[in-house]
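Visitor: If you read the protein sequences in the order shown, they are chains A and B. At position 166 of the first sequence the residue is numbered 166 (my numbering), and the sequence of numbers has no breaks. At position 28 of the second sequence the residue is numbered 28 (my numbering), and the sequence of numbers has no breaks.
Don't read these hints as lab results, they were simulated from the structure. Careful, some of the hints might be misleading.
[Said to hold, decoys possible] In the BS3-like style, the derived pairs of lysine-lysine whose C-alpha atoms are separated by at most 27 Å in a straight line are:
id: 1; chain 1: A; residue 1: Lys37; chain 2: A; residue 2: Lys6
id: 2; chain 1: B; residue 1: Lys6; chain 2: A; residue 2: Lys57
id: 3; chain 1: A; residue 1: Lys57; chain 2: A; residue 2: Lys10
id: 4; chain 1: B; residue 1: Lys37; chain 2: A; residue 2: Lys57
id: 5; chain 1: B; residue 1: Lys57; chain 2: B; residue 2: Lys6
id: 6; chain 1: B; residue 1: Lys37; chain 2: A; residue 2: Lys37
id: 7; chain 1: A; residue 1: Lys37; chain 2: B; residue 2: Lys57
[Claimed, not checked] To spell it out: a stretch of chain B is covered by chain A in this simulated footprint if at least three of its residues, at any positions, have a beta carbon under 8 Å from a beta carbon of chain A; those stretches are:
id: 8; stretch: 91–105
id: 9; stretch: 153–164
[Claimed, not checked] Which chain B residues stay away from chain A? Per the calculated CB distances, all over 10 Å, these:
id: 10; residue: Arg15
id: 11; residue: Gln49
id: 12; residue: Glu120
Every residue gets a Cβ at the ideal spot worked out from N, C-alpha and C, and that includes glycine.
Protein chains: 2
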Amino acid sequence: MEHRAKLTAKGRATRERIVRAAAQLMAEHGVAHTTIKDVQAAAGVSASQMYHYFSEKSELVSAVVEGQSDQILGSQELALAQVHSIAELSRWRHLMVEAMRDKGCTGGCPIGSLANELAETDPPARARLEGAFARWQALITDCLTAAMARGELPPGTDVDRIALSLLAGIQGGLLLSQVHRDTKPLEAAIDTMIDYLRRLAPG
Amino acid sequence: MEHRAKLTAKGRATRERIVRAAAQLMAEHGVAHTTIKDVQAAAGVSASQMYHYFSEKSELVSAVVEGQSDQILGSQELALAQVHSIAELSRWRHLMVEAMRDKGCTGGCPIGSLANELAETDPPARARLEGAFARWQALITDCLTAAMARGELPPGTDVDRIALSLLAGIQGGLLLSQVHRDTKPLEAAIDTMIDYLRRLAPG
């Protein structure tokens, strides 16, 4: 953070270009298969520039985990800010399915993939990703709390646990959609949870 | 297959020892971080023995994907053969949660992890893992079909789609449990689906 505060605007732009290039390469080929040299070439920077910003691969991995978490959480925050009812959850589901379809069902969730690759080998990355998933769960909990306040769910529903279950369905749905090259698993996972919420409705 | 048929019993045992060592290293450190040399050392075989069975890493990866798929599907087949009702699904859920707890929530699903690492870089592995997930889904579908036959689910319930959704919950639940080092996400994912099935019950 301190390091970044000292960068000029141009320096920040270069650093961001490097992190974006690294994020893309790591999403395509995995963290292990991405070298500092690959990133340097993809970002179009010199070896000395690269070294100025990231002297070790671990620093680059950490910046990618932070960048991908912020990006996914940022877009989820925007989308979920529009959701105050179960019907609105269906619109959010539609956005995620379309995004997966647009990618031809290649690649899973960027932070899910990083979690899978780094959970056992990079403790700081695991801790950061744990925080990102907790924030994501909290965003879903807020939507379910709003739906409960509207009377769509019985008072006292354990919305935090249902949010965790919905997030698990999204992560597993994205992985299975990636493996099957088909959006069906993602659709089934979220639709089943939405149907569950409808069946909880009082009366 | 043809190659394997020609092996002696001793040769088969050596080959299996190599595949088991490779599977363990790949589960711990990822496929990319596991070299032929690491596997050779872990299996305690000579370089020429190693080369006799696996001349390229891709052959070893393929054998690990096949071995892990067979092992997971074999144990799921045994466990799910006991499940003919929604109540019996809870016992199966208990087994999976206990298995994750026994590992201290380290490592996710072996085939989910392989899928995440290989889906974009190894098309034959992706195809084989797709088959493994389809078989797993079919095993769950059989259980739900049995529950429907007992009258626990309304006739005509789309049990295949619910099975897919349950499998997504398991995969995402295992990943989140690994990241959080806590069985709660896996428990929430499966319990919510079991509660959903109970709420579908006629009458």
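Visitor: Hint by hint, say whether it matches the structure.
Guide: Right, here's what the structure says about each hint:
1. Lys37(A) to Lys6(A): Judged against 27 Å, a Cα distance of about 25 Å means the pair holds.
2. Lys6(B) to Lys57(A): Not satisfied, since the Cα-Cα distance of roughly 45 Å exceeds 27 Å.
3. Lys57(A) to Lys10(A): 22 Å, holds
4. Lys37(B) to Lys57(A): 23 Å, holds
5. Lys57(B) to Lys6(B): 21 Å, holds
6. Lys37(B) to Lys37(A): The given pair, whose Cα atoms are some 24 Å apart, holds under the 27 Å limit.
7. Lys37(A) to Lys57(B): 23 Å, holds
8. 91–105: violated (count 0)
9. 153–164: holds (count 3)
10. Arg15: 26 Å, holds
11. Gln49: Answer for Gln49(B): holds, closest chain A Cβ roughly 26 Å.
12. Glu120: 6 Å, violated
Figure legend: structure checked against the earlier numbered hints; hints not met, in rising order: 2, 8 and 12.
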